[in-house]
Structures are given as C-alpha cells and as structure tokens.
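Asks: Based on the provided sequences and hints, a complete structural model is requested.
Chain order of the listed sequences is U and Z. With my numbering, letter number 10 in the first sequence gets 10, and the count goes up by one each step, no holes. With my numbering, letter number 317 in the second sequence gets 317, and the count goes up by one each step, no holes.
Since the hints were made in silico from the structure, they are not lab data.
Residues from chain Z shown here face chain U by an in silico Cβ test under 8 Å; the list is partial: (1) Gly11; (2) Leu409; (3) Leu410; (4) Ala411; (5) Arg414.
Distance ranges between label pairs, derived from CB positions: (6) U:Ala40 <-> Z:Ala141: 38 to 48 Å; (7) Z:Leu25 <-> U:Ala40: 24 to 34 Å; (8) Z:Phe324 <-> U:Thr2: 44 to 54 Å; (9) U:Val8 <-> Z:Ser584: 41 to 51 Å; (10) Z:Val376 <-> U:Ser63: 53 to 63 Å.
C-beta: ideal position from N, C-alpha, C; glycine also.
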Amino acid sequence: MTAVITVVLAAAAVWYVLAPLWRRLPAPDRSVSVERARLAAERETALRVLSDLALDHATGKMSDADYEALRGRQETAAMEALRRLDAMDAPKPGTRPGPASARPPE
Amino acid sequence: MASLGRFALFGALVLVLYAIAAAVLGARARRAELVASAVRALGGSAALLAAAAVVLFVALGTRDYTFQYVAAHVDNAQPLIYDLAAFWGGMEGSLLLWALVLAAYSLAAVRAVGRAQPALVPGVVVVLAGVAAFFLVLLTAVASPFATVPFPAADGAGMNPLLLNPWMAIHPPTLYLGYVGLTVPFALVVAALASGRAADGGVLLARRWMVWAWYCLSMGLWFGAKWSYVVLGWGGYWAWDPVENAALMPWLVATAFIHSVMIQERREMLSRWNVVLVILAFGLSIFGTFLTRSGVLSSVHSFTQSSIGTLFLVFLAGALLAAFAIAAWRWDLLRSRHELDAALSRESAFVLNNVLFLAIALAVFLGTVFPVISEVLTGRRVNVGPPFFDHVIPPIAVGLLLLMGVGPLLAWRRSSADQLRRNFLAPGAAGVALGAVLLAAGMRAPGPILIFTLVGFVAGTIVLEFARGIRVRQSLRGEGVPRAFVALVARNRRRYGGYIVHFGMLLLLCGLTGSSVFATQRLATLAPGESAAVGPYRVRYDGLGQTTAHGALVVGARLRVFEGARDDGPLTAARNLFLNGRDSTSDVALRSTPRDDLYITLVGWASDGRATLRLLVNPLVLWMWAGGLVLSAGAIVAMLPEARPGTAPVVMPERVFGAAGR
Numbered sequence: 001m002t003a004v005i006t007v008v009l010a011a012a013a014v015w016y017v018l019a020p021l022w023r024r025l026p027a028p029d030r031s032v033s034v035e036r037a038r039l040a041a042e043r044e045t046a047l048r049v050l051s052d053l054a055l056d057h058a059t060g061k062m063s064d065a066d067y068e069a070l071r072g073r074q075e076t077a078a079m080e081a082l083r084r085l086d087a088m089d090a091p092k093p094g095t096r097p098g099p100a101s102a103r104p105p106e
Numbered sequence: 001m002a003s004l005g006r007f008a009l010f011g012a013l014v015l016v017l018y019a020i021a022a023a024v025l026g027a028r029a030r031r032a033e034l035v036a037s038a039v040r041a042l043g044g045s046a047a048l049l050a051a052a053a054v055v056l057f058v059a060l061g062t063r064d065y066t067f068q069y070v071a072a073h074v075d076n077a078q079p080l081i082y083d084l085a086a087f088w089g090g091m092e093g094s095l096l097l098w099a100l101v102l103a104a105y106s107l108a109a110v111r112a113v114g115r116a117q118p119a120l121v122p123g124v125v126v127v128l129a130g131v132a133a134f135f136l137v138l139l140t141a142v143a144s145p146f147a148t149v150p151f152p153a154a155d156g157a158g159m160n161p162l163l164l165n166p167w168m169a170i171h172p173p174t175l176y177l178g179y180v181g182l183t184v185p186f187a188l189v190v191a192a193l194a195s196g197r198a199a200d201g202g203v204l205l206a207r208r209w210m211v212w213a214w215y216c217l218s219m220g221l222w223f224g225a226k227w228s229y230v231v232l233g234w235g236g237y238w239a240w241d242p243v244e245n246a247a248l249m250p251w252l253v254a255t256a257f258i259h260s261v262m263i264q265e266r267r268e269m270l271s272r273w274n275v276v277l278v279i280l281a282f283g284l285s286i287f288g289t290f291l292t293r294s295g296v297l298s299s300v301h302s303f304t305q306s307s308i309g310t311l312f313l314v315f316l317a318g319a320l321l322a323a324f325a326i327a328a329w330r331w332d333l334l335r336s337r338h339e340l341d342a343a344l345s346r347e348s349a350f351v352l353n354n355v356l357f358l359a360i361a362l363a364v365f366l367g368t369v370f371p372v373i374s375e376v377l378t379g380r381r382v383n384v385g386p387p388f389f390d391h392v393i394p395p396i397a398v399g400l401l402l403l404m405g406v407g408p409l410l411a412w413r414r415s416s417a418d419q420l421r422r423n424f425l426a427p428g429a430a431g432v433a434l435g436a437v438l439l440a441a442g443m444r445a446p447g448p449i450l451i452f453t454l455v456g457f458v459a460g461t462i463v464l465e466f467a468r469g470i471r472v473r474q475s476l477r478g479e480g481v482p483r484a485f486v487a488l489v490a491r492n493r494r495r496y497g498g499y500i501v502h503f504g505m506l507l508l509l510c511g512l513t514g515s516s517v518f519a520t521q522r523l524a525t526l527a528p529g530e531s532a533a534v535g536p537y538r539v540r541y542d543g544l545g546q547t548t549a550h551g552a553l554v555v556g557a558r559l560r561v562f563e564g565a566r567d568d569g570p571l572t573a574a575r576n577l578f579l580n581g582r583d584s585t586s587d588v589a590l591r592s593t594p595r596d597d598l599y600i601t602l603v604g605w606a607s608d609g610r611a612t613l614r615l616l617v618n619p620l621v622l623w624m625w626a627g628g629l630v631l632s633a634g635a636i637v638a639m640l641p642e643a644r645p646g647t648a649p650v651v652m653p654e655r656v657f658g659a660a661g662r
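Replies: Below is the structure:
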C-alpha cells in the first residue's frame, strides 16, 4: 500500500513540476516590469511622505513654511511618477488593450 | 508508514535541488517555462513536506513506537495533545517544522514577489530552495524523524516533563514562525541584489515579511517567558539563558530594521544599512537554531543536544559570506539618494534608535558566546551570567526609552526647536509628575524612578499623539471621539499601530522593572497550621496531600492566603514526582493581581508533615503579560494593509483625515 502511494505521489510530483516545460511561455519584458515596479515604488513613497507631512503639520510638529516647501517637492515627485505610469499603461498605437506583458511566469 | 515519510523528505529534497537548477537556468536563458517549473517544484516540495508532517503527526497520535522519534518523545501516560506537541519537542521534529514552515512561507513569498517584482522570482526561488535544501539534507541524512526500530517497545520515554505545559505547546512553533520568517526578507534582499535591478535592494518588499517575523518572535518570546514563569518554578521569566538570548538577538535586529526601513521608504536613505540588518537578522536566526540544537552552551532549553551544530555553523558561515559578498558587489547600487535635512528630525531619532538596538544586540551576543570565546582563548570556560546583562543592557535600554518618547514629537524631515519644546511640555510634565508621585510614595531607588518617569513621559507622548490626531479629525469632520479614534487608527494603521506597540512595551517595562527591582522572597519551613509572612501577605500551611496523575505522584501543600484580616482563599503548591524516575516538576501556587503576584513553590517536605516553601511577591508581573497582549494588538493593527496609495487622492490632508463636510 505504501509503495503504491509512493509511486502515485512521485508520478504526480513529476507531472506537476514538468508540465510547464511542455508549453512555451513568453519571456517577461523585464525592462518594463522593472521600470513599472520602480515607478510604483516612487509613487508610493511620494504619497506616503505627503501623508506624513500632512499629519505632522496638522498635529503641530511642523511649521507652515517647512510644510509648504516640503509638500511642493513631494507633490511634484508623485505627479511625475503617476504621469509616467499612466504613459506606460496607455495602449500603443495599433495595439489592442490586453493583459500586461509583464506578468509573472506563474 | 515511515518509508512514506522518508520518501516524502527525499522527494522534497530532489524537488528543491531541481528548483534551484531550473530557476538559475531559467533566469540565465530567459526561459519563463523553466522558472515556472522551478516555482512548481517549490510547491511540490511543500506538498511532500506536508505529507511528511502528516505521517509524523499520525505516528505520534497513534503512539507508533516503531518510530524512534515517537518512542523518544511519547509515552502511554502522556495526554494526546502533548503527544502531538512532541512534533517540535525533539530535534528531528523541530527540523521538520523548520522545513515545513519555510515551504509554506516560500509559496506565499514567490506568489507575492511574482505580483510585485516578477524579475526577482528566480532569485527568490534559488535562495529559499537553497535554505530548504540545507534542512532537507539534515532531515534525510543526519537527523531523520522517520528512523525506525525492528522491535518496538511497549511504551516510550515521553517528553521532558518541563515541556508538558500548554505554553510550551505553542511557544516553539510561534518562535519558529518568527525564525523561519526571517528567511523571506533575506531571500528578497539577496535576490534583488543579485539581479541588480532593484535600486532599493529589495528592502521595501522585505518590510512586510520582516514585520510578520518580528511579530511571531515577539509572541514566541512572550509565550516562552510565560512558560518559564509558571513551569520552571524559580519565580522569574527571563534568565539571560543562551537560548532565550538566541531568540532575543534577531528580535532586536528586526526591531531596528522596522524603524530604519521607514527612513528608506520616505527618504531613500539607509539602503545599505537595511540590507545589512536583513542579512544579520537571518544569520542570527540560524545562529539561534544552532545554539538550541548544538548544546554548545549550557541552557535550560537544551533538551536535545547533538553534533548537528557543526553543520549549522558551516551553513551559517557560507550563507553570510555569500550574502555579504553579493551586498559588497552591489554596494554602489545601494547609495543613498538623499541626506538628512536636519539633525532635529524623526529620521535622526530613528538612526540613533538603530545604534542603540544594535548595541544591545551586540552586548547580548558577546555575553552569550563569552563562555566559548574564553574557552578558546584561555582554555577556561567563563560564564558572564545575568550580572553582566543586568549591568550593560539597562543604561542602553533607558536611552531607547527616551527615544521612544522623543521620536513621535519630531516631524519627518525637519523639526524646529520651538515646536519640539512646545510639544515636549505636556508629556514631560506627565513624566515628572509620575516620578514625583513615586518619590512621595516612598520609592527611593534612582533607577526605577528614572524608568517610571520616562515611562510617564512616553505614555504622555502617545496620548498626545492620539489626542491631536482625534482633534484634527473632529475639527475637519465633526466626528465624536470614539469614531474619530477608530477612523484615525484605520487610516494610519502603521503609525498608530506602532504607538499601540509602544504602549504595550511601556506596560512590559513597568512589569519588568517592578518585578526585578522590588521582588521580595523568603524560604520558610512550616508545620501544619503555621504561617509565614511575605510582603503584604500571610500564608498559612494546612498540610500535605498526595495523588497520582499522568504517571506522576503529585505531592501538594495546601495553603491559605490572608492579606491583613482578609481571607484571599486557598492555594496549592505541588511537586510532580514522575514514577519512571525522570525529573520532578513544580506546580506553582500563583495568585495574580495588578499590584503583585504571590508565587509559592514547594521546595521539600518531611515525614512529620513539615513543608519547606519558597514564597515570593513579584510586583507588577501582570502588567508584563498585559503588555504582551497590547503589543500583539498594536502589531496586528500595523500589519493590516493600508489603502493602496494609487487609489488615494493626492490631496493629503483629505487622505489622512477625510474631507470636511463630505
């Protein structure tokens, strides 16, 4: 009985692991995925900093002058990241909208 | 059935080795199907490890003494729950638990990385599978839980009696969730550095995993302290034991990281430092497992000792060497993009906080390994023991406590001295007031007065932070206090969850200070009917009784507690004498109140009915356990996902507090 279970488990494992090799998957477009991840991180950072600045200012830890100066800089960074992400997601001329090319292999 | 377990482990080893090869080849040849196959191999190994775990659980649950492991950790008198908990009661089972938890984490991590940064998937697979391969080699070649004997005994040896406790049933797996959890940030960082594509070194992706591992380590330490307190019978919860220290060191480094990564998130600074912290935390988790399993240092936790320690050391050295070599290779990639705007800022406070956390971790490390160092250098083993830690750690911890209060008063980027002074006033007054009250109440020890004054100050800053946030929401949205409180925390989970964690730490510190500085104890030998006074209590001894339970003769001293004229009721302090000749254990008589714990152990007895009792009064211990619960609640709040920044409006005051009149 144990031998049968062992053989079945082994066969199932081999089939499961090797199955992706029978089909050819498109290679991920790394440059796009890396750039997207970088921009998303930049956007997240800028938004988080803006959130912190607003909270610190509203709770009296930061002067109005400091707040205005720092906020302006961060808003520019956030908008720039958003603009570039939008540009990346916009459909290119002559292509139909579809799933992003930079999907994980699984 | 054992052969099924052996096959599952061997199959899992083959699959993780395949995963490493397929991921490397897939990344080099840019073949997505190979990477997909590697990911599946990781999944397959997880399934096989789960099958191996089921086999061991079934063997333990059915007391199948053909398994050497079962015979060594189970006996016929042991309750079923402890038969199952024996899974992690011995070395082989613990290693299997390590591999199993790592497999589960690996699946979750690869899935998460695949969504966030798919380019890192092959590297993450290689590192996670590499660590898994080490543990699977141990499980298949060195310490298999599926070794069998041809002629099984009718009964097993059972677990060490000290492990037969509910806290011990949950303490090791929780700690392992933390230890193993540190592997994922390590994998993310190494993969990101190796790929050379993630400018942040993968640190930001690693943060959430590190917080989870930190939380599990925190809870594991807390459960362990509770076990030590109620089971070991010495009246304390922390003894600077090498294995306790082994769990504390990665916790300290992870805590430092959780603070410093906030600077990286906001300022793109300290990437190098954070990479080093992630690698160190992982290294210390392996070092901790080495200490537990090697028995190189004597410890109350060294329930299993073996020569497996050498293999751990070799693996640890190899992993650290490789990781630091990759970090050095990519050092330029990790250059900070900004500098500190001002010395008076929250960033500066966090940097100082990191230095202090690392100083404590270093002191704990040196104190822990000093016996080995001294033996190597002088040929004589010198144990520094608790006095070393008690002298070195508290001054640094006081610095951290001060920073815990000052940090929240500082703004990110830049604070003005005027604002800091203004913000300092109320919490500072709270701290001074608490110190004055304690002085007036007769407390004279300078150390505790300083600590409680700082606790008052930090508590004041936390209350101030909540009060200000609530006030802003009230002025913007006209919400009542409860609603504003809930909304404030819900919209800023990390910040306010962090403050709740700080509050839990304050409670913990109060308990720690009260119980370590103001504890009183005495030893009393009493005849039935006689009483002994300790602290505000009078304990009357009413005689001995005995019974049998779970293969042990239980000898109990019947006690009655009085506080002045008030009768606080009966207690029983007992000793369990195991009939098979194993160690005896204590059942502590414990009466807990927020003010203090009355803690009594039965030390011995005589044929004339006299009993020797150890009586302790430990002030504020309950605060420690409450602090652990508060810390846990805060950590859970902080770990809950926040609103995705991409979906939030860019007008930040609205995002933070909600728009007025909406």
